[in-house]
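Asker: Residue strings, one per chain:
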Amino acid sequence: MLLKFMKILLMASLVFIIFVGNNFAQVNDYISNVTHSPQREGLPIHIKADLRNSTSISELTLSYRSFGMTEYIKSEMVILSDRAQATIPSDRVKAPFIEYYIIISLANGNVTYYPAEFSENETPIQISIEAPSPKDSEIIILTPEKGERVNEKDFFVTVSLIGVPDNVNPKETKLFIGDVDVSDYIMVAGDLIIFSGENNSGLIPNGINSIRAEVYDSSGALYHSVQSQFELVSSQIAEEELSQFNYTGNIKGELRNENYNSNSIFYNNLMASFNGSFKDWTTNAMIYLSSEEKKYLQPVNRFSFSMEKEERFSLQAGDTYPRFPNLILDGKRVRGINGTLNFGVFNIQASAGETLRKIEGKLINTYSSKDAPLESNVIRIDSMKYSNPFGRVDLGTFKRNLVAIRPSFGSRENFELGFSYLHSKDETGSIEFGARPQENLVFGSDLFVGIDNQRIVLSGEAAFSLINKDISGGSLTDTQIDSIFGTGSFIDIDPSDVKKVKDYLGKFITINQYIGPLNPQKFSSLAAEGALSLNYFNNNLRLSYIYRGNEFQSFGQNFLRTDVKGFNFSDRIRLMENQLFVSLGFELLSDNLQNTKIATTDYSTFSSSVSYYPRFNFPSITVGYNRYDNNNGLSLIDPIFGKYAIDDILNRFTLNFGYRFILEVPHSANLSFSTSSRDDNGYSNTDASYNSVNLQVNSTWTSDLSSIFNASYYSSEIGLKELDFFSISMGGKYLLLENKLQLSAVFSPTFGDIERQAFDLIASYNVMKNLDLILQARYYRIPGRSNSSIIGITAQFNI
Amino acid sequence: MKKFLILFITFVIIIPLSISKGERPKDPIAIAKKVIKEVTFKDGAEKDSWNNLKASQTLLAESEVKTGTKSLAAILFTDGSGTITVRENSHLFIYGDKGDKKINNKNSFLEKGVIGFKVTKQKDDAFLISTPTAVASIRGSSGFVEFDEDSTFVFHLNDGSASVKLLIGDKTEQEVGEGYTVVVLSDGQIVYRAATTEDQSIFNDAMNLNNSKKLFINTPDGKVEIEYTE
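The listed protein sequences derive, respectively, from chains A and B.
Just so we're on the same page, the working numbering is the position in the first sequence counted from 1, plus 199.
Just so we're on the same page, the working numbering is the position in the second sequence counted from 1, plus 89.
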């Protein structure tokens with residue numbers, strides 16, 4: 200009864216939202232749409248963003264975190280033409296949800312976000328993560344193995360039900376391969392369900408296919424279903440693959456015209472990728488060349504080559520994204536090489552290359568010594584060449600090189616101890632008009648101990664950094680040290696101590712008056728964190744402590760939050776055979792570690808979430824509540840420090856429904872509500888409230904036709920400023936001419952305080968076996984402000 | 090006396106036979122994933138005849154698999170615990186007890202030949218591969234076992250962890266590290282050494298299911314295809 204009522208309530212909500220229009224969609228000037236791969240704990244999430252006006256974007260950074268994580272992890276997105284992509288690694292995908300937003304760095308130096316409202320309300324996008332079910336391991340798809348390429352001659356499906364309870368009736372099992380129900384052809388042998396290849400005879404098409412096994416109990420109710428994927432290849436192809444070297448690849452060329460307010464620009468780009476395998480070796484190569492590559496910008500072109508042998512050896516060259524411990528190097532592009540050698544007991548990872556390329560500055564005018572103003576962009580120049588010794592310049596960017604190495608001991612199954620070294624330095628002579636080239640040195644160590652099949656995990660890492668903020672003058676001589684340091688001198692530090700430091704560290708980093716930290720005894724450039732995780736009795740409990748000195752910096756990690764310390768506690772409790780998840784988290788952080796601020800701010804965060812993933816035909820539900828309390832203890836009425844007072848509390852509630860259902864045809868719906876309010880009793884006194892509702896329905900009408908409908912509503916009130924808008928997005932995909940032609944179109948109007956209309960059309964035609972032509976058109980209109988359009992044509996040749 | 094004899098025959102011969110018939114394994118514990126060329130098997134329930142093994146053939150406990158020259162069979166255990174690749178000219182017995190949601194006492198007895206193994210991490214008991222002279226206890230790993238006609242036992246561990254216990258000589262137990270090989274000679278002498286390139290080559294061959302060639306013969310009845318391993 201309750202079930203029926205809930206279903207009716209949900210459907211009523213959906214209908215109400217569809218027809219009354221109380222919905223929300225992301226409105227953004229730079230990103231038109233973001234899609235991500237299916238979300239399940241332990242599987243990576245591939246996030247793809249469709250860009251509009253991509254030429255005005257210089258960099259995109261994905262910021263994400265899972266429940267209970269103190270801070271967002273940043274990862275550079277790879278921009279390829281009008282699309283950007285990044286992957287959240289599988290070990291960071293954890294139930295009940297992942298939160299993310301995208302930092303959009305513009306070519307003009309400004310920064311904006313996706314969702315656009317993130318700058319105001321700091322509300323990220325939330326993706327529900329489904330937790331793995333213990334029932335998954337009860338039902339095993341033995342053949343084909345996941346991702347296996349199978350010769351059609353050798354093809355058969357075996358599902359093992361050895362782990363299911365006695366109330367399961369194997370004879371009622373339903374087996375689907377792709378869209379084909381092959382249940383009538385299966386044979387039951389004890390715990391095995393077998394679909395023999397002899398029954399195939401053209402039933403299953405060659406190519407990538409999914410397998411879905413639905414297992415029912417003796418009452419006829421669905422017990423559980425599992426899925427896998429494999430590739431069926433013809434005998435001819437399989438025999439060709441027996442030749443030792445197998446490869447695939449494609450070449451893609453695009454011509455694109457972007458028209459922004461009658462300003463028309465042509466772009467073109469070429470991308471080629473290649474994948475090959477030879478026995479245990481795999482190789483990948485990729486090159487992307489764009490007409491948007493400019494000498495005065497950081498590289499837009501990308502190229503890479505990689506080869507690896509199972510998990511023992513890997514080597515990447517070109518644009519690489521090495522992953523070292525988080526404090527050292529993670530998510531940063533390094534143009535050079537990155538390699539790993541894993542022997543189990545001893546392993547080593549090394550990376551070397553360029554993180555910034557040189558961009559020459561511009562000389563604006565020159566000054567004599569007496570006329571030169573004391574400004575940051577007035578620098579010493581070659582007086583022989585330019586007549587005067589000083590010049591005002593547009594500062595360029597020095598070429599920055601980076602070397603990182605991490606030897607480690609242990610295979611991380613039970614134990615791993617690693618030591619990291621990172622050195623990064625600007626090449627002082629790489630440009631003529633630049634100032635303050637820098638150098639950075641980081642030493643770190645990390646430890647992982649896993650006990651009882653990793654049910655108890657103790658992990659930690661610590662790193663110490665040194666940074667020199669101006670190495671243009673090189674290291675100091677002993678005479679210079681005597682004159683700069685000492686009592687009554689420029690810096691009150693014993694010169695003999697400085698000389699000792701120079702003797703020790705001068706081999707690694709330039710030692711002069713610009714090196715920091717100057718107060719290492721206060722741990723200002725130390726970063727450390729430790730965590731204990733316990734996974735028992737359906738509880739996943741984690742307790743962690745972080746410490747980040749205010750001067751810690753690694754050039755391999757641009758986005759690390761510093762000047763913070765504190766505890767974080769979280770527990771994810773699995774109930775009702777992993778159908779119900781209760782997640783609780785509490786964090787208490789504070790800043791001002793080295794007393795460099797007027798007051799110490801305490802940041803306390805309480806997070807909670809309840810998720811229900813029923814095993815029967817009913818929506819999944821996630822309810823969340825977060826409370827953020829920031830306070831620095833200063834009184835507003837304090838005549839001197841009152842203007843620095845921080846005292847605000849933000850409460851946020853979220854509600855999310857996800858439902859796959861059949862109403863004549865299969866639909867997948869997602870409905871989310873979010874409301875938050877900030878009570879600001881600090882000096883800025885900016886009380887605010889935000890509300891949003893979002894509904895998305897994906898429907899598959901036939902094997903050739905699918906549709907998407909998205910409707911959303913957003914309202915905010917910040918101080919006296921109100922903002923309300925409503926947006927819908929509707930479109931579909933249609934396959935024609937025996938699937939050779941694919942048409943997709945999306946229309947997205949926005950009404951209210953923000954008005955704009957967007958229309959996207961994509962037509963893809965398979966001209967011949969290996970050749971596809973893709974036409975892409977976008978029209979984007981902001982009434983009274985701008986009209987812009989993008990038309991592109993792409994040819995793709997597959998080998 | 091006659092009555093006694095009848096009773097004796099009834100109790101001593103017929104009843105135990107009927108009991109053993111009742112205990113015959115019912116549920117398959119393994120399935121043939123791939124078969125190349127000449128592979129025969131004796132079913133665990135019907136042990137009196139050899140039949141040709143085909144892919145997707147289920148195997149009961151106590152089944153035997155025999156491969157001919159340039160032949161191969163890949164056997165999967167139904168609890169997903171591992172794959173055994175039986176290389177040419179080998180003879181393997183498969184044992185295991187179907188327990189509650191798992192197969193207990195998994196034991197593959199190699200009478201002769203070479204088998205490759207890829208075993209997932211074992212929670213409770215180890216995955217055993219036995220020969221007449223030694224038993225390998227595997228806890229999640231890959232490698233190969235060879236048992237020659239001269240009774241030389243070779244165990245190579247490519248990755249994971251395992252131990253080898255001798256059934257002859259001083260019956261010692263040797264822990265085996267990744268990338269190491271244990272050789273037990275017929276007199277019980279044990280040699281523990283780093284794997285050689287030859288070991289690695291045998292391992293690669295043992296695990297490679299696609300390392301086969303085809304021979305086509307035109308006959309009056311059409312083209313005959315013979316697949317064989319290299």
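Think of the hints as simulated: they come from the structure by calculation, not from any bench.
Here the structure is a predicted model, which is why all the values come from computation and not from measurement.
Please note: incorrect hints may appear among the correct ones.
Only pairs whose alpha carbons sit at most 25 Å apart, straight line, appear in this in silico SDA-like list of lysine to any residue [claimed, not checked]:
#1 B:Lys191 with A:Asn368
#2 B:Lys190 with A:Gly419
#3 B:Lys207 with A:Ile650
#4 B:Lys190 with A:Gly832
#5 B:Lys191 with A:Glu337
#6 B:Lys210 with A:Asn737
#7 A:Lys334 with A:Gly832
#8 A:Lys842 with A:Thr853
#9 B:Lys207 with A:Glu344
#10 B:Lys159 with A:Asp353
If you want the ones that stay clear, here's a sample from chain B, every Cβ over 12 Å from chain A, calculated [as the list claims (entries may be wrong)]:
#11 Lys123
#12 Ile125
#13 Glu153
#14 Phe166
#15 Lys190
#16 Asp214
#17 Thr222
#18 Asp237
#19 Val243
#20 Asp248
#21 Tyr281
#22 Arg282
#23 Asn297
Ideal placement from N, C-alpha and C gives every residue a C-beta, glycine not left out.
Asker: Next step is simple, just say for each hint if it's right about the structure.
Answerer: Verification of the supplied hints:
1. B:Lys191 with A:Asn368: holds (17 Å)
2. B:Lys190 with A:Gly419: holds (21 Å)
3. B:Lys207 with A:Ile650: holds (24 Å)
4. B:Lys190 with A:Gly832: Not satisfied, since the Cα-Cα distance of roughly 59 Å exceeds 25 Å.
5. B:Lys191 with A:Glu337: holds (9 Å)
6. B:Lys210 with A:Asn737: holds (21 Å)
7. A:Lys334 with A:Gly832: Roughly 51 Å between the alpha carbons, so the hint for lysine 334 of chain A and glycine 832 of chain A is violated.
8. A:Lys842 with A:Thr853: violated (33 Å)
9. B:Lys207 with A:Glu344: holds (13 Å)
10. B:Lys159 with A:Asp353: holds (18 Å)
11. Lys123: violated (6 Å)
12. Ile125: violated (10 Å)
13. Glu153: holds (19 Å)
14. Phe166: violated (9 Å)
15. Lys190: violated (4 Å)
16. Asp214: Holds: least Cβ distance 15 Å, greater than 12 Å.
17. Thr222: The claim holds: threonine 222 of chain B sits with its nearest Cβ about 28 Å from chain A, beyond 12 Å.
18. Asp237: holds (26 Å)
19. Val243: Non-interface label stands for valine 243 of chain B: nearest chain A Cβ at 21 Å, farther than 12 Å.
20. Asp248: violated (7 Å)
21. Tyr281: At about 16 Å from chain A, tyrosine 281 of chain B clears the 12 Å cut-off, so the statement holds.
22. Arg282: holds (17 Å)
23. Asn297: The claim breaks: asparagine 297 of chain B does not keep its Cβ more than 12 Å from every Cβ of chain A (closest is about 8 Å).
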